[in-house]
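So the sequence lines, in the order shown, correspond to chains A and G. At position 139 of the first sequence the residue is numbered 139 (my numbering), and the sequence of numbers has no breaks. At position 247 of the second sequence the residue is numbered 247 (my numbering), and the sequence of numbers has no breaks.
No false leads were slipped in.
No copy is singled out in the list; a pair is fine if it fits within one copy or between any two copies.
With a straight-line Cα cutoff of 27 Å, these simulated DSSO-like cross-link-like pairs (lysine-lysine) come out:
1) Lys293 x Lys364
2) Lys28 x Lys84
3) Lys255 x Lys378
4) Lys112 x Lys378
No wet-lab data here; the hints were simulated from the structure.
Protein chains: 2
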Amino acid sequence: MLIKQPSVSARNTSPVSTARLVMQIMDKAGIRAELLYFGRNWVVEKGQQHETDNTQGQTCTTGQSKTTNKPLLEFPPIVYGEAKSKSNPHGKTILFYNHYDVQPEDPAKLWKDDPFSGRVEGNRIYGRGASDDKGELITRIKAVEYFLQATDGDLPCNVKFIVEGEEEIGSPHLRDYLLQYKDKLKCDVVIWESGYIDSKSRSVVSLGQKGILCVELNVIGPSNDIHSSHAVLVENPAITLSKIICSMVSQRTGKILIEDWYREVKGFSRKELMTIAQEEFDEEDFKRETGIKSFANNKTGFDAKRARVGEPTCNVSGLVSGYWGLGFKTIIPSTATAKIDFRLVPEMDPHTQFQRLQNHIARKIGLEKEGEPARGNKVEARFLTGEPGYRTPLDNPYVTPVVQAAKEAFNSSTISVSGAGTGPMYYFYEILEKASSICVGGSSISDKIHSPNENFQIDNLVKATKCIAKIIEKVGKL
Amino acid sequence: MLIKQPSVSARNTSPVSTARLVMQIMDKAGIRAELLYFGRNWVVEKGQQHETDNTQGQTCTTGQSKTTNKPLLEFPPIVYGEAKSKSNPHGKTILFYNHYDVQPEDPAKLWKDDPFSGRVEGNRIYGRGASDDKGELITRIKAVEYFLQATDGDLPCNVKFIVEGEEEIGSPHLRDYLLQYKDKLKCDVVIWESGYIDSKSRSVVSLGQKGILCVELNVIGPSNDIHSSHAVLVENPAITLSKIICSMVSQRTGKILIEDWYREVKGFSRKELMTIAQEEFDEEDFKRETGIKSFANNKTGFDAKRARVGEPTCNVSGLVSGYWGLGFKTIIPSTATAKIDFRLVPEMDPHTQFQRLQNHIARKIGLEKEGEPARGNKVEARFLTGEPGYRTPLDNPYVTPVVQAAKEAFNSSTISVSGAGTGPMYYFYEILEKASSICVGGSSISDKIHSPNENFQIDNLVKATKCIAKIIEKVGKL
Chain A
1 MLIKQPSVSA RNTSPVSTAR LVMQIMDKAG IRAELLYFGR NWVVEKGQQH ETDNTQGQTC
61 TTGQSKTTNK PLLEFPPIVY GEAKSKSNPH GKTILFYNHY DVQPEDPAKL WKDDPFSGRV
121 EGNRIYGRGA SDDKGELITR IKAVEYFLQA TDGDLPCNVK FIVEGEEEIG SPHLRDYLLQ
181 YKDKLKCDVV IWESGYIDSK SRSVVSLGQK GILCVELNVI GPSNDIHSSH AVLVENPAIT
241 LSKIICSMVS QRTGKILIED WYREVKGFSR KELMTIAQEE FDEEDFKRET GIKSFANNKT
301 GFDAKRARVG EPTCNVSGLV SGYWGLGFKT IIPSTATAKI DFRLVPEMDP HTQFQRLQNH
361 IARKIGLEKE GEPARGNKVE ARFLTGEPGY RTPLDNPYVT PVVQAAKEAF NSSTISVSGA
421 GTGPMYYFYE ILEKASSICV GGSSISDKIH SPNENFQIDN LVKATKCIAK IIEKVGKL
Chain G
1 MLIKQPSVSA RNTSPVSTAR LVMQIMDKAG IRAELLYFGR NWVVEKGQQH ETDNTQGQTC
61 TTGQSKTTNK PLLEFPPIVY GEAKSKSNPH GKTILFYNHY DVQPEDPAKL WKDDPFSGRV
121 EGNRIYGRGA SDDKGELITR IKAVEYFLQA TDGDLPCNVK FIVEGEEEIG SPHLRDYLLQ
181 YKDKLKCDVV IWESGYIDSK SRSVVSLGQK GILCVELNVI GPSNDIHSSH AVLVENPAIT
241 LSKIICSMVS QRTGKILIED WYREVKGFSR KELMTIAQEE FDEEDFKRET GIKSFANNKT
301 GFDAKRARVG EPTCNVSGLV SGYWGLGFKT IIPSTATAKI DFRLVPEMDP HTQFQRLQNH
361 IARKIGLEKE GEPARGNKVE ARFLTGEPGY RTPLDNPYVT PVVQAAKEAF NSSTISVSGA
421 GTGPMYYFYE ILEKASSICV GGSSISDKIH SPNENFQIDN LVKATKCIAK IIEKVGKL
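Bound-form chain A, shown alone (with noise of 0.2 Å):
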């Protein structure tokens, strides 16, 4: 069972086996699978097999990441698969995208079980990645298996797979392996990961994502936790990080404040706008599931819609300095962290971004405003991982087939020039020859995607493996 192999890929928690579980599954589903290993040379695994494919090793002879100049070491294989059609062997080809890792399962105590358990109850089937994205990508493989076998291993175009163990992380190799692999990759169209389902039971398909910068600040100040006595003359390293994070982004508006942080941001053209108003977004179901009151900025209608696709945002997603367990104690710590995540859309760096970020820190440490001299405590910004964001274009020819699938499938269906989420689209643009991307599946809020109790609904996953085959039949006719 898929949701048990706990793929954390956070950690780096059992890759390979997940990855050649995913192979099984294909392979038993008739799609010709292997691993795609990335190392000092690139090493192919068909079954049981090892091979070394020198040929290919020969186009990457440093042994670094083209993206991250890192050494190539061992990070996660890919699954790649492949099946193709007899009858329309020239036809168009599908590539599908997807993930085998999953987000960390933490806070494990909230979890009702098991957070790897893949239960069922009632209509739900639990555990983390039952819906992100492990479920997503069984509707594939079912659907293309189930032309397989009604047709004597027959379908009606060429379908591809690949699915990375790295998305969580922010996919740092999938450049990597897409330049590597660019060839045997190529294709017409990327079915993406997932889709999902709005309040109104629509199957929402969208066009885009925006991008990602994550970062880690680190401030250091006392070469030990001291006694807070001294707090008077000693600066406090999480007070110094708490200012940052305020001089970064205004609470009340959301507006980043770094200079520049703006300048490319693409904006929307006016049948997107159009696009964006049509979008179902239902503000009182998301602030009960999410148990919140009002919407940051008290943003709503139309603002709201155009925000989720089209603003950038910064987030901290985790803090930690000193001591926080039982009670008290009296220290100024050593040491103050934060883990923040800025979400970027199409035209903006991420690489240019940071650099934005690391000059913002360099004037602002300590400043109640600027010109003031630098203080004591030391700031350390860490680059985590980078994604640009990408939107396809709504008048692209994979649009209406995909939107009449999905309409088919769950008996409605509308169209999203972005979801808020990030994922490396942008990417297969790039290397794939210009190929969009499209996003469909059967996800809903309610499945608590990178929340505990995540899980995915079973008519869905029907429901998303209908859509996904019809895609296939409708691209074969193009």
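Dock chain G against chain A, hints included.
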């Protein structure tokens, strides 16, 4: 070995066994010792015997703490010790105040050895509590033992001991104990739990302590950690917490920005200011020991000295929110928590200051400027502990003999109008008929009090014991 007892009051570990060990050490030294418990009735433990003291119990029939209004259940006992002068029974009485509890040993990995080892290396004995306050306590007991053995059980003056088990968590029940046992504890002067040796090897006789207010701030946001792609609409509790911290204190000046915070602050007399100017404070040594490059607000010289003894502080001792482990997790945390300690100076009341803090939060939450509507995240402030500060006047009649004794034992001594730290000195003044307190002892800054690798220098243990003996001698002549 007393240091081997992991008597961490923040975690309430082994208070009774540690108290019993202190009692046994006193017994062995010839000091009549007993444990004073505090429960439904007052129970006094002598040696291995227990007895219920119903007479005293009747004065506390509600079973509630007069200070905290909490039920009096199983908190740590006090060790009471007494040795009377045979030759001078109507002379003066010294009360030694010490504590057997210690700060948490965290972070344990920064200790070179087991934090409760009591290991001796060269001139130092290592372990949590080696200096603060088990080492100082032993010097008091040994000084009394010296007289009792040398003079066949006699002493120049009467001595009493009160050794509590909750000093490091702000002495939440000491005031109750003092109220209950005020007749038993009656004295002429209190010799405080510690003192310190400055960088010129002078014994610093300190006459005061700051007060403290410890609080926990909890910001409560969405009901679960939720996917950070929603950050455009959901207020982030970690950012709200940062904003509150920023609104409370100026990083540049250290000034507390809460309305009326300084209203009752007691200033210094001209004589006190002159004493402060004469105090030794080796700035370079302090920087070297703590690993900092410059002082907050670039304070130096007289300003730095005056700030240490007379300036209120706001210190963040801990932060925690969301995910801060390996890698990252793209979530909006559901909560964010800070532990904050405010040092207070004489005339500031912790409960009044806490009310001012609550008013501040109510006004400031979520606001960039006043007058705008409150936002979605809930903020709870919890009162963890509070104590007022106190300063013994420079002309108190016991100051001169103590300063003289310290000079004889340590070769050199000096007066400080107040330490930078906190203790329950005020309660002794309030309850024990205005008994003033004087701090003297053998710790120095290199002893790393409250930090990893805490230790006590053995030659200073010897000198501190001599100093206490000379105080007993001099007070016997008053």
